[in-house]
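> Heads up, the sequence shown is in the working numbering, so the first residue is 16 and it goes up one at a time.
Among these hints, one or two may not hold up.
Unchecked claim - Result set (DSS-like, lysine-lysine): computed pairs, CA atoms no more than 25 Å apart in a straight line: (1) K56 to K38; (2) K38 to K52; (3) K56 to K117.
Because the hints were derived from the structure by calculation, they are not lab data.
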Amino acid sequence: MVEPAIEEIAAIGAGAMPILIDKFASKSPRERHTVRKIIQKIGAPAIPDLVTALTHPDWHIVNRCCWALADVGDSTVVEPLQKVSDHGRWMVRSQAVTTLGKIGVGGAEQTVQQALDDSVGLVRKSAAVAIGRLSLAEAIPELVHVLGDDFYGARMASMEALLKLDSSVVTTTLADSLNSDNDFVGDLGCRVLGELASDEAMDLLLAQTESPDPDRRAHAAVALFKADPEDLCGWRDAIIEAETDRLTRLKIESVLRSTE
């Protein structure tokens, strides 16, 4: 009888929203997901009540209303979500930024980019994901900076976002950042260039195989080999033979064996 009940409640429409929003305070994940499913079915008529609830004193409800707006939100919810993007609870900030990325409408660019500077790593991760969804090319320099983030999730999300943006701008920006004092920036930058696999990216990687840092040489070589698995450029043997550090050479050869 669950599905028929869901349909009947959804048929009530906006009139059911006050009770549904109160149910977002439930400690039961099943109940919360059921509420979200009903709100999805109600659709746009649910928006006014969800937006009003963004000022609710219970941050759990605010967070879950942001969550629900990802399913039914439109351009009218951008400003209310921006207002909670600096909420005292990081979970709300994270969900607000995530929702802004998911609804994919203009007006949220500055808010999303500012979230890259949040004090909490998971919020920075959410911001990087949202930037990729919104295709914010102007955020490329900031994303490259986040490649050096202390939080693994933010670094990985930034790398994925860069791969969704203008490859020529990404390559040019990385060219100026590969020799950053932050090793993560250069190492993950090599991975991004390997995924892009353009002529310019390959040239940058080839130059990094001569870095004084053995770890950087390993990252660059691995990225080159993955970008050119058939060794069409004929660099593979020369790079391996030129490598003087035994551990670095072992890393490179290990990757080669795993791809054969």
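> Please write out, lowest number first, the hints stated earlier that are contradicted by the structure.
none
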